[in-house]
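Chemist: Sequence:
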Amino acid sequence: MLEAYYGDLNWWPGGSRDEILIGAILTQNTSWNNVEKSLSELRKRGMLDIRIIARTSERILSGLIRSSGFYRIKASRLISVCRSIAAAGGFESLEKKTTSEAEEFLLALNGIGEETAESVLCYILDRDVFVVDRYTVRIFFRLGMDNTTRRDEIRSLVEMSIKGNDSLKNFHATLVQLGKEHCRPTPYCSGCPLSSICEYFQRVTSP
DNA sequence: CTCCAGGGGGCCA
DNA sequence: TGGCCCCATGGA
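Okay, so the first sequence: first residue is 229 according to the numbering used here, each after it adds one.
In short, the hints are calculated from the structure, not lab data. Take the hints with a grain of salt, since some may be wrong.
Said to hold, decoys possible - Under the rule of at most 30 Å between Cα atoms (straight-line distance), these lysine-lysine pairs were calculated in the DSSO-like manner:
hint: 1; residue 1: 265; residue 2: 408
hint: 2; residue 1: 391; residue 2: 408
hint: 3; residue 1: 265; residue 2: 324
hint: 4; residue 1: 391; residue 2: 325
Computed from a predicted model, the values in this text were never measured in an experiment.
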């Protein structure tokens, strides 16, 4: 049982909601290790705050998040996203929206695509939303899923099968951990325990 | 040296 | 819609 093996992976531990949003944008196509360096720079300046980022210049911000890569475009998008969310009344306001309404709002922002929107819904607003990332798609395809399956189909499949925000968070964290350890893009790894995901998935999905 | 990371957007057919 | 290209640092 994967959950017993990996335990509670505690995704985005102890961070404020603002920090989760900033991290979610910085980690786009970027290793978390590089993101942490940027978060440290922002933290020691008291800038892990969307209302402060909203008032920061692109020049200053891009210098602080340099380690995350794509720093110019990310600085620009981060400021724009923080301004929009702050202007809309912050996460307190988003909390009052339905999940679909919140998602629609997020997707309209430049810098928030499907996965980042899902991360915000799941990890900031605690909605029952599954985050479909690169590892998830790679793992499901390697398990034999038809490789033309769209990401939103994968998402609804999981959401229909796994109920509850905590379970969805943990399943996502488990997939990422497995993907990092055993599911590199190019080589097929031997001794890969991916098949145990099937057992896990069937356990959770069985009525 | 090469490969790739917890994507997203613009452009084009 | 679907594919391609760009963004860029840092670790393995």
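Chemist: Taken at face value, is the distance from the CA of residue 408 to the CA of residue 265 at most 30 Å?
Modeler: With a Cα-Cα distance of about 20 Å, the restraint between residue 265 and residue 408 holds, given a limit of 30 Å.
Chemist: Run the distance test for residue 265 versus residue 324: straight-line Cα separation, threshold 30 Å.
Modeler: Distance of about 33 Å is beyond 30 Å: violated.
Chemist: Is the straight-line distance between the alpha-carbon of residue 391 and that of residue 325 30 Å or less?
Modeler: holds (20 Å)
Chemist: With the threshold set at 30 Å, check whether the alpha-carbon distance from residue 391 to residue 408 stays at or below it.
Modeler: holds (25 Å)
In the structure shown, a violation is registered for the earlier hint numbered 3 alone.
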